[in-house]
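**Q** Under our numbering, residues 1 to 66 are what the sequence shown spells out, in order.
No wet-lab data here; the hints were simulated from the structure.
Nothing here was measured: the structure is a model prediction, and the numbers come from that model.
Take these hints with a grain of salt, some might be off.
Per label pair, the in silico range of CB-to-CB distance [unchecked claim]:
(1) Phe45 with Leu24: 18 to 26 Å
(2) Arg3 with Val56: 40 to 48 Å
(3) Phe57 with Ile25: 21 to 29 Å
(4) Ser55 with Phe8: 21 to 29 Å
(5) Phe57 with Leu12: 39 to 47 Å
(6) Pro46 with Leu4: 36 to 44 Å
(7) Met1 with Asp50: 43 to 51 Å
(8) Ile25 with Ser58: 48 to 56 Å
Built from N, CA and C at the ideal position, the CB exists for glycine as well.
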Amino acid sequence: MSRLLSIFMIGLGTYFAYHNRYRLINVIFGNVFLRKLLVTSIMSFPLVRDRMMSSVFSSGPSEGRQ
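I would like the entire structure built from these sequences, with the hints used as guidance.
**A** Structure (structure tokens):
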């Protein structure tokens, strides 16, 4: 019975998190500590870091124009 209750509570929490996802994102990015923690943890993945750095420092079509 407790297992069924746990599954129900996880489903209910997931539903409310999905329903209020934009509000949760605003809370996370509004808090300086949580924002730094999130960015630091995402940038610790090599694939994400490499793609981010290549897109920020890419030599696109605007290079050479003045």
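**Q** Run every hint past the structure and note whether it holds.
**A** Results for each hint:
Restraint check, Phe45 to Leu24: a C-beta distance of roughly 22 Å satisfies the suggested window 18 to 26 Å. Taking 40 to 48 Å as the suggested C-beta distance range, the pair Arg3 and Val56 conforms, at roughly 47 Å. Between Phe57 and Ile25 the C-beta distance comes to about 27 Å, which sits within the given range of 21 to 29 Å. In this structure, Ser55 and Phe8 break the distance hint of 21 to 29 Å, their C-beta atoms being roughly 42 Å apart.
Hint check: Phe57 to Leu12, Cβ distance near 44 Å, so the stated range 39 to 47 Å holds. Separated by about 41 Å at the C-beta atoms, Pro46 and Leu4 satisfy the suggested range of 36 to 44 Å. Taken as a hint, the range 43 to 51 Å holds for the pair Met1 and Asp50, whose Cβ atoms sit roughly 48 Å apart. For the pair Ile25 and Ser58, the beta carbons lie near 27 Å from each other, so the given range of 48 to 56 Å is not met.
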